[in-house]
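> So you can see what is in the structure, the chains are spelled out below.
There are 2 protein chains.
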Amino acid sequence: MSSSTSRLATLWALGVIAFGTATSVAAQSAPLSAQDSDPRIMGWMQGFPPPPDKLIMQPDADYFSFPKLRWSVCHLREFLPTEEISRGTGAPVPLDYLPHAAFATTAREIDTLTFMPMTGGKAMTWEESLFANYTDGMLILHKGRVVYERYLGCLQEDGKHAIMSMTKSITGLLAQILVAEGALDDTLRVRDLIPEIGDGAFATATVRQVMDMTTGLKYSEDYSDPNADIWLYSRAASPLPKAEGYTGPDGYWAYLQQVRPAGRHGDAFHYKTINSDMLGWIISRVTGKAVTELASERLWRPMGAEQDAYQTVDGKGVPFAGGGVTAGLRDLGRLGLLMLNGGEINGKRLFPAAVVEKIRAGDDRSKFSGFPTIPNGSYTSQWWVFHNEHGAYAARGVHGQTIYVDPKAQMVLVRLASFPRAQNGLIDPTSLPAYQAVAEYLMRQH
Amino acid sequence: MSSSTSRLATLWALGVIAFGTATSVAAQSAPLSAQDSDPRIMGWMQGFPPPPDKLIMQPDADYFSFPKLRWSVCHLREFLPTEEISRGTGAPVPLDYLPHAAFATTAREIDTLTFMPMTGGKAMTWEESLFANYTDGMLILHKGRVVYERYLGCLQEDGKHAIMSMTKSITGLLAQILVAEGALDDTLRVRDLIPEIGDGAFATATVRQVMDMTTGLKYSEDYSDPNADIWLYSRAASPLPKAEGYTGPDGYWAYLQQVRPAGRHGDAFHYKTINSDMLGWIISRVTGKAVTELASERLWRPMGAEQDAYQTVDGKGVPFAGGGVTAGLRDLGRLGLLMLNGGEINGKRLFPAAVVEKIRAGDDRSKFSGFPTIPNGSYTSQWWVFHNEHGAYAARGVHGQTIYVDPKAQMVLVRLASFPRAQNGLIDPTSLPAYQAVAEYLMRQH
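Same order as they appear, the protein sequences are chains A and B.
No gaps in the numbering here: position 182 of the first sequence is 182 in the UniProt record's numbering, and each next residue is one more.
No gaps in the numbering here: position 318 of the second sequence is 318 in the UniProt record's numbering, and each next residue is one more.
Please note that the accuracy of each hint is not assured.
Copies of the same chain look alike in the list, so a pair counts if it fits in one copy or across any two.
To be verified - Straight line, CA to CA, 30 angstroms or less: simulated DSS-like cross-link-like pairs of lysine-lysine:
#1 K54 to K289
#2 K348 to K54
#3 K54 to K316
#4 K367 to K242
#5 K143 to K289
#6 K143 to K367
#7 K242 to K316
#8 K408 to K348
In short, the hints are calculated from the structure, not lab data.
Using the sequences and the hints, build the whole thing.
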């Protein structure tokens, strides 16, 4: 592995580039197909011990290079320190399912649905799209009931999968809940809440600008430049002991303090993960709780989750609010239901309806550009809003993970995936139209 | 922190010295009392961020020096890579409790029970013993019902605690189950099952000798000797990237291959953690499963656990079978019930009654010496057997953790603790007589 690939892999490993345009060298040539790169086929970590060429290890974060990442997305805690998002100790609340016969029929019908990829070419079936997108888990709920569920690759129903930048949407949801409840004033400037931000770029941004990523921050992601900010961030965030003589910032929050300005706050949407970490800090300052603890209290426990989730941490125990969460497929389905139903699940209200109303409405679309597969989109409270006819909005992770909420179809779709390239622009063309096709099918059926 | 203390702390951190005589420098002088060293009083990790002097971090494993360890025993996963021991996704089976009024009365009466410490002096109350022993959690079950439950220090009912060498007893129980079921022949030599052990000392030991720790192994634990085996083991086991130029064994299993003989197999009990890791390897070879997966399948899932447990891993993902488990208090109570009831819990049989019969019977006592607080003891299948009038046996961890099973009193007692020194010889004098006093009280009551 070349040194730059290794550096890149380190970033992936740390979850720092849970977004963007990074690609592995292997992926730049012809990547193995989903079927051929299935970790069970590859034989990763099979045997006691596995043969040396089937071993996936930590150093240089080689474990997050394709095709190894197809195994590692289900095993992140085995490489990195993590903090629990507890579901509590009681009984989970089971999801409702279609009756067995109807469920099987629906699964067959969905698998054979066809759609046209955004890139044109020939029609693709739903089932083909699962493989085209290196899907590891797919759960579809319609009117509150599971109508489709499938596990592939490294994932099983009692397993968990890295959700990467979908983490941002959990962070943003928690912040939006605090705003709706009056515990967080999103018109305040960051320095009003966190004086230690000093004269850094974040100081004069409002909480809302951080939530919507309309801050003006100098933060380069030029992977070919060894002094790019993304590398400094990576080194700061690593939970591994710092190299001898390292004098840079230690941890997410220390990094945030020295970010310099570029452009004007509020002008435009710039997708920069450091906003999510700033938001995590704001949430913790306001609530006196780690984002893991708050996610447990406000979401995982009351929604009846069946598995704990977890979140990677930096060397000071700060959870990675911009990309660190790993969770179970069905629990992400519960989170989607909670969004679809405006804060209610299992007959309980967990937060004000205004929270989802605000997110669904999206942000000013004129601030949004640079995402050709989301032509009319906006980004608010760390959620992607499509502004399409169905009013859909989503949490999105960089290897194709999503919670996709379609209010018109009353559909929640959760996908976990390990697409070889960290680039949703390559995944959307065979995903977003497929979701639309399922939504339309469901509207016809029930 | 001195270099040797730092090295020592590294070992603790890795869980490698989940046994033995290691003490921290702080503990060698007058350690803070349990009340004064309570992590909530010390203020560890409070604030976002915590003040620098309240921060507990990974480097040099400073986090496992007293008094920081009193916080860290509940947070090990935040420092180290870990693997899950899944409880599955269904509903836990709640423990039975005494009715509320009887429970409260019993708690009051147990708290005021008095006993004479082994070391003589004046009588101590049960409640005083909780603090004398830096107890973090105490659960007592009598005839299958919880009669006493208390959380102190870093532990809460939905929290988890490092059990260190109690891990060995889980490993040993799994092995004994395999033996009883005919899946593992304990008369075989290690080399018959694991040819890669080559001509190492383990090659000619029988599985039974490994299970009972009567192997003859060269393995020194002289902490003042930088070339002592314990340091080599520590470096091999560390999940952190190896230092530049490191050429030693990488991982638990690679270490085991180069252990040299000393003395004769079968002659005497020598408490050496490497036996437990050898047993873990044997279990995985025979079953094709990691010990975490097997513990989930055979224990955590079927016993109705309410929390997942987890286990630290080496750099190759091998769980630390000799000391790596962290678990919830009540789930350890379930494990104790399973032992007390000879393999049954919640009306289900999880393994043959012969498993516990074998463990309860203990090993040849003439092979056992060097543990003044367990004068008539023996060690078999990685469990401590007291050979006392009550027929008690136990899993034991080095900071005072225990599952103590008293068949005569039909009592299961689980203690989680963070005693400043890693030395059960200092903890037993105010623990074992206290357990006996509670057992006698319970036999009088119900």
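> Run every hint past the structure and note whether it holds.
Consistency of the hints with the structure:
1. K54 to K289: between (40 angstroms within a copy, 16 angstroms between copies)
2. K348 to K54: neither (47 angstroms within a copy, 39 angstroms between copies)
3. K54 to K316: So K54 and K316 pass the 30 angstroms test across copies only (11 angstroms; inside, 32 angstroms).
4. K367 to K242: neither (38 angstroms within a copy, 47 angstroms between copies)
5. K143 to K289: neither (34 angstroms within a copy, 40 angstroms between copies)
6. K143 to K367: Neither. Shortest intra-copy (33 angstroms) and inter-copy (67 angstroms) distances fail the 30 angstroms Cα cut-off.
7. K242 to K316: For K242 and K316, both the intra-copy (12 angstroms) and inter-copy (21 angstroms) Cα distances are at most 30 angstroms.
8. K408 to K348: within (22 angstroms within a copy, 48 angstroms between copies)
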